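> Here are the chains, one letter per residue:
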Amino acid sequence: MISFARSFPLMFIGGLIVACVTLLALLAPWIAPYDPSEINVKVILLPPSWEHWCGTDTLGRDVFSRMLYGARVSLAVGFVAVGISLVIGLILGAVAGFSGGRIDGVMMRLTDMVLCFPTFFLILAVIAFLEPSIWNIMIVIGLTSWMGVTRLVRAEFLSLRHREFVMAAQGLGVSSIRMMWRYLLPNAMGPVLVSAVLGIAGAVLVESGLSFLGLGVQPPDASWGNILTEGKDNIQIAWWLSMFPGLAILITVLGYNLLGEGLRDYFDPKLKS
Amino acid sequence: MSSVLRATGLNKTFAAGGMFRAIGADKKAVVDLSFDLQAGQTLAIVGESGSGKSTVARMAMQLLAADSGEIFWGDEEVTHLSGSALRSRRRHIQMVFQDPFASLNPRMKIWESVAEGLKVHQPSLSRGQRRDAVAAVLNQCGLDEGGMDRYPHQFSGGQRQRIGIARALIVEPKVLVLDEPVSALDVSVQAQILNLLNDIQKDRGLSYLFISHDLSVVRHIADHVAVMFAGHVVEQGAVADVFGNCRHPYTDALLKARPIAHPDERSPVDTLAATDEGVAESGCPFRNRCTVAQSDCAGFDARLNAQGFACLHPLNITTDE
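Chains L and Z, in that order, are what the protein sequence lines are. Using my numbering, you'd call the opening residue of the first sequence number 1 and step up by one each time. Using my numbering, you'd call the opening residue of the second sequence number 274 and step up by one each time.
Keep in mind that a hint or two might mislead.
With the Cβ distance kept under 10 Å, some of the chain Z side facing chain L (calculated, not the full set) [to be verified]:
hint	residue
1	R362
2	G390
3	H394
4	R403
Across the chosen pairs, the derived CB separations fall in these ranges [to be verified]:
hint	chain 1	residue 1	chain 2	residue 2	range
5	Z	Q395	L	S176	17 to 23 Å
6	Z	E445	L	S175	16 to 22 Å
7	Z	S307	L	M113	26 to 32 Å
8	Z	D299	L	A76	37 to 43 Å
9	Z	A358	L	I139	39 to 45 Å
10	Z	D299	L	T119	25 to 31 Å
11	Z	E445	L	R102	51 to 57 Å
12	Z	D569	L	R102	17 to 23 Å
13	Z	S429	L	S175	48 to 54 Å
14	L	W135	Z	K382	26 to 32 Å
15	L	M189	Z	S429	41 to 47 Å
Don't read these hints as lab results, they were simulated from the structure. Model, not experiment: these values are computed from the prediction. Every residue, glycine too, gets a C-beta built ideally from N, C-alpha and C.
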């Protein structure tokens, strides 16, 4: 454990942050000192104190409790959205990389076309037509972020296909499905895992942005993004309303990025020796 | 004796570049190559890097489609087969690869890798029967079956090459294609693997297509040899004839280029001279590097003659010929 922390310090810190944030989110109902939607007009816009660690908002709700529940939203969006993009990306990338030739060419040009859309505006446009809800956000983010995974999986498959152990399996007569499932996919998972972890950081940011713009999680439900919106309106009199959710986003995204970069180094054979 | 692997008139050209065809010339990897491997025999294909040896191995395995020509596994012509028809016949011929570190799936246990052929060709076997079969074949390859639940990275190069041989043997093939099976190994381990291959051949009556650049290894293991240069077979025949009395200047150069083991022995004059102009586009492909080339070599189509060499000015011709 200590030697691991020493050889991969950034990954260790990233993993620690991710573990802490995840734990806080999971245990929110037990940790939170107040009900996150409990309005108390007697304690409006109080600065941080021992009673309210991160202060209170314009309706007297406890900001710390709201942030704990906001963490659940952010992480759920991150995991589900990345899960969706992984499933799509793995299937498309596997088919393109395994088939090669014309099928690969057509699929990759289509992927390039989707990549050309500015993702955030695509999401905004889609959300404008749908009911803004946490489920819609998860699905839309997932459906607009599979391109990177697709290209990664395809590239891995293309290079693995020419490795000797794959040719040996081909020479034995192993079927295509089994070849993908037992030979190509397990050996391509390292880089895919890295991109998934980095993808969670991206999804957390997108969700915060959408909620900040009022297109994400709707009040009174808490999300880091919509706490920030409220903070923006009162930034001159209540700095704590924007500071703490902002820090939460920063630290979480940093944690996932460190973990992802660390995993990348960990899986890189050139750095291993 | 019966033929177990036969190739007639194989050709393979690799296109240069993908989208930008104009860059570079197409590479002729194999030109009009034929051979016939008899049951229980070993045919070696030797040549320098880039001479097309491995391409021949891959075409013999039907891992790579030939542009033209036919390949027979036993009596059956297989170049027109594909899909499940080809898959079901693959147990006739198996391959052992050069790099023992790249030829095993790092994410599969040893016994799973070795049992893979059984899963394809004898799907009715139970897990226990498969494990028994794997243990038996690992033992024959000189490995203890206690290691069968380990992963490839826990084995040394020589052990992995034994595992690769076991994986090929488990489907009981008639032919093994050995693509430089020992060139990535230490010399002491090389000898062990070559002895193992010898024993297996005697035991099972296997035929080997042995691809190598190492002439001393070939002399040790092969019955027949085909010398390749730039995709052409320039000389072909029994090992004793080709090595003892070579006719083609390229074979001669290859033989003289072998490392000298004893300091008292002096390396002969380098017959490749200083010219390294590569492969001639027309005529005899070797003429740019040949010491005995003459002007008529430019018009020679470099095909094997009845005596088994492709040269207008052969060496070592005795007076009565």
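> Tell me the hint numbers this structure goes against, listed in increasing order.
Numbers 4, 7, 8, 10, 11, 12, 13, 14, 15, in rising order.
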